[in-house]
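Visitor: Okay, here's what each chain looks like letter by letter:
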Amino acid sequence: MSATSGPDTKHEHEIELDKPRFSVKKPAVRFDRQGDMLDAERVEKAMGNFVKDFGRTAAIWMESCIHCGMCAEACHFYEATKDPQYTPIWKLEPFKQAYKREYGPFALVYRTLNLKPKVTVEELQEWQHLIYDSCTVCGRCSLMCPMGIDIASLISQARHGMFHAGLVPHELWAVTERGHREGSPLGATPKVFKDRVEWLADDHDVVIPLDKAKADVLCTMSSIEIMKYPDSVVATARIMNHLGVDWTFRTDGYEATNFGLLSGNASWQKEMSMKLINAAVACGATTLVLPECGHAYTALRWMGANLYGKPLPFCVLHISEFLAENVQNGKLKLRKLDKTVTFHDPCQVSRRGGATEAPRVVLQALGVNLQEMFPTKGTNWCCGGGGGVVANHRADELRYKVFRIKMEQIEDTGAELPVTSCANCRQTFDDGQAHFKWDKEMRSLLELVADNLIEEAA
Amino acid sequence: MTSTTLLEFARGPALTWATGVFVAGVLWRLVGVALLRTKKDLSEPRNTATWKGLRLIALRSWPRREFLEGTAFGEIMGYTFHLGFLAALLFLVPHVLFFENVFEGLLGFDFSDVFGFTWPTLPTGVVTFLGAVSLAALVAVLIHRLTSPVKRLISNFDDYLSWLLTAAPLATGMLAYAHAGGAPYEVLLAVHILSVEALMIWFPFGKLMHAVTIFAARGSQGMLFERKGASL
Chain A
1 MSATSGPDTK
11 HEHEIELDKP
21 RFSVKKPAVR
31 FDRQGDMLDA
41 ERVEKAMGNF
51 VKDFGRTAAI
61 WMESCIHCGM
71 CAEACHFYEA
81 TKDPQYTPIW
91 KLEPFKQAYK
101 REYGPFALVY
111 RTLNLKPKVT
121 VEELQEWQHL
131 IYDSCTVCGR
141 CSLMCPMGID
151 IASLISQARH
161 GMFHAGLVPH
171 ELWAVTERGH
181 REGSPLGATP
191 KVFKDRVEWL
201 ADDHDVVIPL
211 DKAKADVLCT
221 MSSIEIMKYP
231 DSVVATARIM
241 NHLGVDWTFR
251 TDGYEATNFG
261 LLSGNASWQK
271 EMSMKLINAA
281 VACGATTLVL
291 PECGHAYTAL
301 RWMGANLYGK
311 PLPFCVLHIS
321 EFLAENVQNG
331 KLKLRKLDKT
341 VTFHDPCQVS
351 RRGGATEAPR
361 VVLQALGVNL
371 QEMFPTKGTN
381 WCCGGGGGVV
391 ANHRADELRY
401 KVFRIKMEQI
411 EDTGAELPVT
421 SCANCRQTFD
431 DGQAHFKWDK
441 EMRSLLELVA
451 DNLIEEAA
Chain B
459 MTSTTLLEFA
469 RGPALTWATG
479 VFVAGVLWRL
489 VGVALLRTKK
499 DLSEPRNTAT
509 WKGLRLIALR
519 SWPRREFLEG
529 TAFGEIMGYT
539 FHLGFLAALL
549 FLVPHVLFFE
559 NVFEGLLGFD
569 FSDVFGFTWP
579 TLPTGVVTFL
589 GAVSLAALVA
599 VLIHRLTSPV
609 KRLISNFDDY
619 LSWLLTAAPL
629 ATGMLAYAHA
639 GGAPYEVLLA
649 VHILSVEALM
659 IWFPFGKLMH
669 AVTIFAARGS
679 QGMLFERKGA
689 SL
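Protein sequence lines, in the order shown, are assigned to chains A and B. For the record, in the first sequence the residue sitting at position 263 is 263 according to my numbering, with numbers rising by one throughout. For the record, in the second sequence the residue sitting at position 68 is 526 according to my numbering, with numbers rising by one throughout.
Note that these hints are calculated values from the structure, not bench results. Using N, Cα and C, we set each Cβ at its ideal position, and we do this for glycine too. Take these hints with a grain of salt, some might be off.
Stated by the list, open to error - A few chain B residues facing chain A, derived, Cβ under 7 Å:
#	residue
1	Leu485
2	Trp486
3	Arg487
4	Ser501
5	Arg518
6	Phe525
7	Lys665
8	Ile672
9	Gly687
To be verified - DEER-style ranges, computed between Cβ atoms:
#	chain 1	residue 1	chain 2	residue 2	range
10	A	Glu357	B	Arg513	14 to 24 Å
11	B	Leu517	A	Phe374	19 to 29 Å
12	B	Ser519	A	Glu441	37 to 47 Å
As the list claims (entries may be wrong) - Here are the simulated EDC-like cross-link-like pairs (lysine to aspartate or glutamate), alpha carbons at most 16 Å apart as the crow flies:
#	chain 1	residue 1	chain 2	residue 2
13	B	Lys497	A	Asp53
14	A	Lys116	B	Asp616
15	A	Lys310	B	Asp499
16	A	Lys194	A	Asp252
17	A	Lys45	A	Glu122
18	A	Lys82	B	Glu644
19	A	Lys275	A	Asp252
20	A	Lys212	A	Asp246
21	A	Lys45	A	Glu102
22	A	Lys100	B	Asp616
23	A	Lys331	A	Asp246
24	A	Lys440	A	Glu397
25	B	Lys498	A	Asp53
26	A	Lys377	B	Glu524
27	A	Lys310	B	Glu502
28	A	Lys339	A	Glu325
29	A	Lys116	B	Asp617
30	A	Lys25	A	Glu14
Here chain B stands alone, though its shape is the one from the complex:
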């Protein structure tokens, strides 16, 4: 396979299949849970506006003072990784062009025509820096997972595979940007795209799915506890 056909494969059938698995898998997992019955709570609520408990979705993003001592490392690394990853995903010029193409391809309209503004971007150097910081945070959490007795005990295959598949797009993206090792750009780009597709394929099956379920999980606890007036 030449470097060009590898890139065509990555951009063509591989992307189609990865997207299919991603969408079908996420829907299957969500619908599988959503279809479960839920019993009406007949107890007299302390607070009737239980929807207010949805604020827990935002509240839990900020650690409580009482818990900070034991969780500061996880919180800081979590924020660093997620923000860097999102910046690289959403604001790198080639990514934005890709999303705009997808948007136009799916809906037949230009993004800026519909929303009245162009998708913002960050300079490539800034994104590369943020990507590197994000990758460093990922390395730090891996070391922590391997050395912390608690995390080592509770970790399983999913944790390590999810780590690898999350780190890979960041690493391959930076390699492609740096034109590393004299490899043809098409190969580096194809490997980067394939790494993203591997992430998409694994996403619905493992813990990466928390990016979706976090809202329902926090929201459920929030509404349940708000009803009782319990601590959020």
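The following block holds chain A by itself, in its conformation from the complex:
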């Protein structure tokens, strides 16, 4: 049962560090409605913010659906359940309705003749499950749509509306708010990050530069890595040091996780992105390396400049792209790994981000026997945990059903090691592995590289 008004942010939402899935604890009482707005105001805010940045492209997509239903076949939530409510375009139904009534070229006709009824807050609440719990914004449906509608980007627009209407699932809202308040959604505050870096440097006997005034490369991490997979921090340092790069972490811009994007708060999204941008500008970096995190790539690589208001004065690379570049220029030399490997494409980096070949270049340099899944690359199935879904306890059962698709895909390859380059995918795998008592453990491409560096003799 959803309660109204917001939770006490200071005492609730304890982070679970000892679980395979790294998120806030399952709330005893859910608050899936935030604030004390009247229903009419919620609806107005939802629709107003949905169309706020509505340009020509989004509008032409809204005008083009022919209700063929093919997008259902691309959606892992539909594939796993055969429940028609998970048809991607249906997830936008109230927003389609509102678009026609309030915004489209014939809005006046629809309104005057009441051809499309006004959306109600009850409908929006019902759709919360479809917009947040059962959509990872993976964009597979966008590739299927015969009309070329980018359904995933429209879902993101719908999330803008839902956030401002105070209709975000409890946990997702909590981590987003925490990110805004503390600078990190999952407890990796600047102080925690600094302490961790110092501890990791000491513990692993590795130099980890922090807060250098000037550096060519600014490295960033996701809170999942900082808190749950600290080996990734060490791996990043080892690789950068190995390559002899002039690099640094900075406490004023290290957190690449951007729950503003996932939950639909554009101004908080901008706030998180600006920290990274300002830190890179401050140290004069020519390259900003994003961590193994899918949505961080979308947030900064493809949306950062638009939030900044001008082209970024540095190059943004996903860590897999950075590694591939250094493999290709001959600087990164790796030991051969005698293993059969399959690669799980993180949706935001590969399908929607375009960095599909980079991890494969790195795997080739590792000399592995790469067994591709079917389907793979741009049409690979999502792990089911993206878009904030893995943070949402309410979505657990559904997510596990979806995860079966992924397990079957990996089993079919016969590969010994599943590898990916997204910490969020990785924790979704960890959680699925524990749930199903599966014997396959997802590995990080970054850590695999760090473990197989060929150190030149002094």
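Given the structure of chain A, go ahead and fit chain B onto it with the hints provided.
Guide: Chain B alone, transformed into the frame defined by chain A:
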């Protein structure tokens, strides 16, 4: 109203009004969207020749192997219906004569004089066959819409009206060709023309408009994704 005056109405004022609504409606809907602002994308493109993404307009017409299993029925029926419908619309002798008259009426030139060739036609029997196949595909997709849980859920008034108004010209055209039921040919022809006009009047308001927007919708996704180097 006699059968002759019904035909005159269909060919005269009804056609004029239907064309007016069709043209004005399509323009209104397109201009309404085209006038919306669009923000410049400031991110550094992976591929600068974003226009190459326009290839998605053609690419998306052919299903990807990965998706074929779930979409084969829709693809096959879609192709069958559209090709049959277009063949009947564009290559039936009376239709061609009509288009040539329209061309001459609007521009004052004979089509073959301007383009140096005559508009090709297909034998009436072939067109009738293709029209029947097209109609059968339409019936199949309607049954699918009514029985598939996904399509039933997402369907609305527009889907059913658009289906009816698309099937009607095919059905009435074949009835006119067959001189069905002993009705006067003028009546059958008038009903056929009126059914086309009903289609034209509804076209700008519902999903039939996809015949126009498909190019912009696919092209937009193509250019956006090409810029990022994302999958098309």
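Visitor: Now look at each hint and say whether the structure bears it out.
Guide: Hint check results:
no.: 1; hint: Leu485; in the structure: violated, 10 Å
no.: 2; hint: Trp486; in the structure: holds, 6 Å
no.: 3; hint: Arg487; in the structure: holds, 5 Å
no.: 4; hint: Ser501; in the structure: holds, 5 Å
no.: 5; hint: Arg518; in the structure: holds, 6 Å
no.: 6; hint: Phe525; in the structure: holds, 5 Å
no.: 7; hint: Lys665; in the structure: holds, 5 Å
no.: 8; hint: Ile672; in the structure: holds, 6 Å
no.: 9; hint: Gly687; in the structure: holds, 3 Å
no.: 10; hint: A:Glu357 x B:Arg513: 14 to 24 Å; in the structure: holds, 19 Å
no.: 11; hint: B:Leu517 x A:Phe374: 19 to 29 Å; in the structure: holds, 20 Å
no.: 12; hint: B:Ser519 x A:Glu441: 37 to 47 Å; in the structure: holds, 42 Å
no.: 13; hint: B:Lys497 x A:Asp53; in the structure: holds, 9 Å
no.: 14; hint: A:Lys116 x B:Asp616; in the structure: holds, 12 Å
no.: 15; hint: A:Lys310 x B:Asp499; in the structure: holds, 9 Å
no.: 16; hint: A:Lys194 x A:Asp252; in the structure: holds, 11 Å
no.: 17; hint: A:Lys45 x A:Glu122; in the structure: holds, 14 Å
no.: 18; hint: A:Lys82 x B:Glu644; in the structure: violated, 51 Å
no.: 19; hint: A:Lys275 x A:Asp252; in the structure: holds, 6 Å
no.: 20; hint: A:Lys212 x A:Asp246; in the structure: holds, 10 Å
no.: 21; hint: A:Lys45 x A:Glu102; in the structure: holds, 13 Å
no.: 22; hint: A:Lys100 x B:Asp616; in the structure: holds, 13 Å
no.: 23; hint: A:Lys331 x A:Asp246; in the structure: holds, 14 Å
no.: 24; hint: A:Lys440 x A:Glu397; in the structure: violated, 20 Å
no.: 25; hint: B:Lys498 x A:Asp53; in the structure: holds, 12 Å
no.: 26; hint: A:Lys377 x B:Glu524; in the structure: holds, 11 Å
no.: 27; hint: A:Lys310 x B:Glu502; in the structure: holds, 10 Å
no.: 28; hint: A:Lys339 x A:Glu325; in the structure: violated, 23 Å
no.: 29; hint: A:Lys116 x B:Asp617; in the structure: holds, 15 Å
no.: 30; hint: A:Lys25 x A:Glu14; in the structure: holds, 6 Å
The earlier numbered hints that this structure contradicts are 1, 18, 24, 28.
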